[in-house]
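Full structure from sequences and hints, please.
Mapping of the sequence shown onto the numbering used here: residues 847 to 1064, in sequence order.
Worth double-checking, as some hints may not be accurate.
For each label pair, taking beta carbons as the anchor points, the in silico distance ranges come out as [said to hold, decoys possible]:
hint : residue 1 : residue 2 : range
1    : Pro885    : Arg1060   : 47 to 53 Å
2    : Pro1002   : Asp947    : 32 to 38 Å
3    : Pro885    : Glu1029   : 29 to 35 Å
To be clear, the hints were calculated from the coordinates, so they are not data collected in a lab. Ideal Cβ positions, reconstructed from N, Cα and C, are used throughout, including at glycine.
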Amino acid sequence: MSGHGHQLTEDEAAALFEPPSWDERYSGPEKVWSGNPNPQLVAEVAGLAPGTALDVGCGEGGDVIWLARQGWTVTGADFSANGLARAARHAEQAGVADRVDWWQVDARTFAAGGRSYDLVTSHYLHPPDGAIVEVVGRLAEAVAPGGHLLVVGHEPSAHFTHLTESHRRAMFLAEQMLPGLPEDFEALVVEQRPRTVVRDGAPVDIGDSVLLARRGAA
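Written out as structure tokens, the structure reads:
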């Protein structure tokens, strides 16, 4: 949801929350994202001992590839089949295909199903109507005892002028994610972190909402 373009209509905005829109977006020849890892992932995970990781909303796989290069065994999950196909190609090109696998799933209906990971991470996933709280709860179910959950999103900002009101309502502050944490989780980081990005050749100040939590040991 961080892309820049024309002013969206509400119908166009609603479509962006669904898989077909992202399959179309990932169908062209050009990369949608930079391929670089998200900065808060690097900041919070670089000091953790590698284990198993799940990246939900992995898109073209930039974070998956970075995690694999750090020694993690990674599952990249996304609701876009085209996004996952691109991510798999990028992982092959990066030489880490043997450390990753892929899972087509919608975060809004995601269920761990007995799977568990030492790290569950999701970046800039913005479900509509305040559903990030439910999504955080779903992601938390997949965290192994003693493991970590890292969820990062855009904070509400007037700089996202091309987005509709429904998209701006889908953004959130870090503290708004806390009700989604189960009782056996300890919140380690609940922060708003400013950063500067370049849009249309000009620097723009935005903010990340960062939640890092650890599940208690069994």
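Status of each hint after checking the structure:
no.: 1; hint: Pro885 <-> Arg1060: 47 to 53 Å; result: violated (21 Å)
no.: 2; hint: Pro1002 <-> Asp947: 32 to 38 Å; result: holds (35 Å)
no.: 3; hint: Pro885 <-> Glu1029: 29 to 35 Å; result: holds (30 Å)
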